[in-house]
Structure formats: C-alpha cells, structure tokens
Amino acid sequence: QVQLVESGGGLVQPGGSLRLSCAASGITFSINGMDWYRQVPGKQRELVAGVTSGGTINYANSVKGRFTISRDNAKNMVHLQMNSLKPEDTAVYYCHTEYLFRAYWGQGTQVTVSS
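For what it's worth, the numbering used here labels the leading residue of the sequence shown as 310, then goes sequentially.
Read the hints as simulated data drawn from the structure, not as lab findings. Glycine included, C-beta positions come from ideal geometry on N, C-alpha and C. It cannot be assumed that every hint is accurate.
To be verified - Listed next, with one range per pair, are the computed distances between beta-carbon atoms: (1) 324 <-> 361: 16 to 22 Å; (2) 375 <-> 310: 32 to 38 Å; (3) 370 <-> 337: 17 to 23 Å; (4) 339 <-> 397: 30 to 36 Å.
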C-alpha cells in the first residue's frame, strides 16, 4: 500500500522559513519522481517543485530562488526547504508521486504565512 505522509507545516511570519518533509512507503522510492503541490481554497492545485528519479529538478516561477526540493533515497523521503516566505505562499502543501500508472497524494500540511 502506497503512503505519503507530510510533516513540517505551520505558522510563520513573512520572510521566515519552513521545511516540509514527505515520508514515502509502499513504492520503490529511488525510481519515482516526487513532487510538491499546493492548493488554496477556490483555486486549482498547482505544482510547486518536482525532482525526478535522476535528480532533475524543476520549480514554479513563483518559488524559484526561495524554495529548494531535495530527496533522500536512503530514507525514502523528499523535502521542501522554503525560505523568504510570503503571505501568498499560504496554502495546503501536498506530496505527490505516480506509481504503476496511478497518482498518489499525501494528506496535506497547512502552511500559513502571516504577521
């Protein structure tokens, strides 16, 4: 059974930092691409950052230079380091992967950027 479990969300002031983590189980982690998405109420879920099995990384333009995605294949984890956070980064953040032609999502973790 594939499971993705996020952690690390919370409340932070503008300009602050948070580190999100996603623990994966039930997949051959090293051969899977892993992504972070986010969603605010009333809007579509959007891709924030992704890392392929080969280590190729892409970011949404809105987070380039501020967010860093990384993966730890030994621990089956993917992280999202978020620096210089802005109020518009407020959202529920989801870990995502595709395995055997199915999409899997974590339960989401709330990130709130507010003074």
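Numbers of the earlier hints that this structure fails to satisfy, in rising order: The structure breaks hints 1 and 3; every other hint is satisfied.
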